[in-house]
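**Q** Starting from the known structure of chain A, fit chain B onto it as the hints suggest.
One letter stands for each residue in the lines below.
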Amino acid sequence: MHTKVIKSIDVESVRKQFPILGITVHNKPLVYLDNAATTQKPLSVIDSMDKFYREYNSNIHRGVHKLSQLSTSKYEKSRQTIQGFIKAAEPEEIIFTKGTTESINLVAYSYGLMNLSTNDEILISHMEHHANIVPWQILCQKTGAVLKVIPINDDGELIMEEFYKLLSPKTKIVSIVHISNSLGTINPIKEIIDAAHAVDAVVLIDAAQSVHHASINVQELNPDFLVFSGHKVYGPTGIGVLYGKRAILESMPPYQTGGDMIKSVSFERTIFQDLPQKFEAGTTNIAGAIGLAKSLEFIDSLGIENIASYEATLLNYATEKLSTIEQLKIIGTAAHKSAVFSFVLDCAHPHDIGTLLDMEGVAVRTGQHCTEPLMKRFGVPATTRASFAVYNTYEEIDVLYNSVLKVIKLFS
Amino acid sequence: MSEINELYQQVILDHNKNPRNFGVMDDATNTAEGHNPLCGDQIDVYAKVENGKILEIKFKGAGCAISKASASIMTTLIVGKTVAEAKGLFDDFINIVTADLSDKCDTLELGKLAVFCGVREYPARVKCASLAWHTMMKAIQKSELDNAPVSTEDMEITI
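Residue numbers (my numbering), protein chains in the order written: chain A, 1 to 412; chain B, 1 to 159.
Quick caveat, the hints were computed from the structure, so don't treat them as lab data. One should not assume that every hint holds.
[What the hints assert, rightly or not] Here are the simulated DSSO-like pairs of lysine-lysine, each with C-alpha atoms no more than 30 angstroms apart in a straight line:
no., chain 1, residue 1, chain 2, residue 2
1, A, K409, B, K17
2, A, K409, B, K60
3, A, K51, A, K66
4, A, K406, B, K112
5, A, K329, B, K87
6, B, K17, B, K87
7, A, K406, B, K60
8, A, K376, A, K321
9, A, K263, A, K87
10, A, K376, B, K138
11, A, K329, B, K17
12, B, K112, B, K53
13, A, K165, A, K190
14, A, K263, A, K66
15, A, K51, A, K98
16, A, K409, A, K321
17, A, K321, A, K7
18, B, K60, A, K376
19, B, K17, A, K406
20, B, K17, A, K321
21, A, K148, A, K170
22, B, K112, A, K409
23, A, K376, B, K17
A quick note: this is a predicted structure, and the numbers were derived from the prediction, not measured.
The shape of chain A in the complex, shown without the other chains (with noise of 0.2 angstroms):
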């Protein structure tokens, strides 16, 4: 592998591409810390999704006019887009989907029901979002399987040893979270999807929080499953991806029926399409894809190396600074770590951090974050996140400072 070399981030033009960055909060300017919920849109994103409404709105694979040739070809364009992103060998291993949360419903349903039977085992971890628990868990008890969970060590980091432990030939599907929403965790998927191949399992990788943040390439990391949204990576909500391995979405039925994923229907018998379309029924969401597509082309302009490279910096800032506050505990310190900051103080409950940042413009997450297991194994109800994007800055993460300063005021 090469070595590239990494450039510095422009930020203040970067900003400049995100209107909503000028907005301000109780008159206060915003400082949008919860990337990791979801990433503000820079304009390209914007003028695409107006531009595919205003000019050219038309539904996509149907009719022979003018728009309808544009908006099909706009879409499959957004596809390959997405295969040249992630390195996908063919475009038809892209599926849109909404989400994350429905590309791992997709596999769990389709991939899984028909795979799995009383005993096989699916393995997640501790750190799993609940997108990726739940759907297991209605799987095995569809199925009969057993749900096993890796542990994790208290500075929120997979337990390599008992993950060997827990693989074994009944293990059918390992499904894991490459990047911790509520840790910023990076964990070693390339050795774990080479360890889970080793006794046939299929490995789901959960790449929401990823994508954005690190370099994929599916071809060398080998996943037979990737899954992301479009709204975490500065693109638009309701479209996501499901990418997997051809063989396997050939073997696979569909998981829902109805227009557009037909050849031929008859009272008697349907034939389906062919892949993608054969999982992606009914009209899907055209202008999302192609918003997606843009977002995509954002990353590329900055580079993706660049980004991740000024984003450990903001991290290293925030740590270091706001380590020094006697109060607080940060909530997951691995070792490979990405560009998420969560905490809590002894003297304020995570929502009364949360009040008191927004009345100083500053946007976080409170909560559980939907890794409820998680919060338990830490031992803490809920935590604060702070969450980086490539247009946060040190004088962003100075004002988080402060303000967290002014919560322990409050509160002491």
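**A** Below, chain B without anything else, positioned relative to chain A:
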């Protein structure tokens, strides 16, 4: 943080730091458990009710400042009241945190409940403030057969 003083008034900060009637009551006649699954807030309310009168009331639990202070203030207002009077205070409280009573908030008409006037401006925090009150109502009204915990997700709160 000038606007925030509306919500985090000194009374609320004080009750958060030094909650009144905090702890378990071993000889309670009525108890109920409340839970807000969205944020993990949890509260147990214990009451001693005799002849329709609330002789003693205590609470225990973990939560944010708003929920803790609200529980503490609730116990100080409810103790010594009849069940019917407690229901009246509950209705007043819910009105204060959900409806526009700004006229009343400016007067002393609401008494101690007036500190919760600020909550209405923060819809995300209404459930924090009302958990203890719903749990109290559940405790004093319930029969022995009815032990299901209160959840903020079952509450009919219009915000």
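**Q** Would you mind marking each hint as holding or not holding in the structure?
**A** Quick rundown of the hints versus the structure:
For the suggested pair A/K409 and B/K17, the alpha carbons sit about 13 angstroms apart, so the restraint of at most 30 angstroms is met. Taking the CA atoms of A/K409 and B/K60, the gap is near 26 angstroms; set against the 30 angstroms cutoff, the hint holds. This hinted pair checks out: A/K51 and A/K66 have alpha carbons roughly 16 angstroms apart, not beyond 30 angstroms. About 27 angstroms separates the Cα atoms of A/K406 and B/K112, which keeps this hinted pair within 30 angstroms; it holds.
Taking the CA atoms of A/K329 and B/K87, the gap is about 41 angstroms. The hint is violated against a cut of 30 angstroms. This hinted pair checks out: B/K17 and B/K87 have alpha carbons roughly 27 angstroms apart, not beyond 30 angstroms. The hinted pair formed by A/K406 and B/K60 meets the criterion: a straight-line CA distance of about 28 angstroms does not exceed 30 angstroms. As the CA atoms of A/K376 and A/K321 are separated by approximately 27 angstroms, the hinted pair is consistent with the 30 angstroms bound.
Of the pairs offered as hints, the one joining A/K263 and A/K87 holds, with about 29 angstroms between alpha carbons and a cut-off of 30 angstroms not exceeded. This hinted pair checks out: A/K376 and B/K138 have alpha carbons roughly 27 angstroms apart, not beyond 30 angstroms. The suggested pairing of A/K329 with B/K17 holds, with an alpha-carbon distance near 20 angstroms, which does not exceed 30 angstroms. For the hint pairing B/K112 with B/K53, the CA-to-CA distance comes to about 21 angstroms; that is within 30 angstroms, so the pair holds.
Between A/K165 and A/K190 the CA atoms are separated by roughly 18 angstroms; this keeps the pair inside 30 angstroms, and the hint holds. The hinted pair formed by A/K263 and A/K66 meets the criterion: a straight-line CA distance of about 23 angstroms does not exceed 30 angstroms. Simply put, A/K51 and A/K98 have alpha-carbon atoms about 21 angstroms apart, close enough for the 30 angstroms limit, and the pair holds. Note on A/K409 and A/K321: the hinted pairing holds, with a Cα-Cα distance of about 17 angstroms set against a maximum of 30 angstroms.
Restraint check for A/K321 and A/K7: the C-alpha separation of about 24 angstroms stays at or below 30 angstroms, so the hint holds. For the given pair, B/K60 sits about 19 angstroms from A/K376 by alpha-carbon distance, which is consistent with the 30 angstroms threshold. For the suggested pair B/K17 and A/K406, the alpha carbons sit about 17 angstroms apart, so the restraint of at most 30 angstroms is met. Using a Cα cut-off of 30 angstroms, the hinted pair B/K17 and A/K321 holds, with the two alpha carbons roughly 28 angstroms apart.
The suggested pairing of A/K148 with A/K170 holds, with an alpha-carbon distance near 11 angstroms, which does not exceed 30 angstroms. Among the hinted pairs, B/K112 with A/K409 is consistent with the structure: their alpha-carbon atoms are about 25 angstroms apart, no more than 30 angstroms. At most 30 angstroms may separate the alpha-carbon atoms for a hinted pair to count; A/K376 and B/K17 meet this at roughly 24 angstroms.
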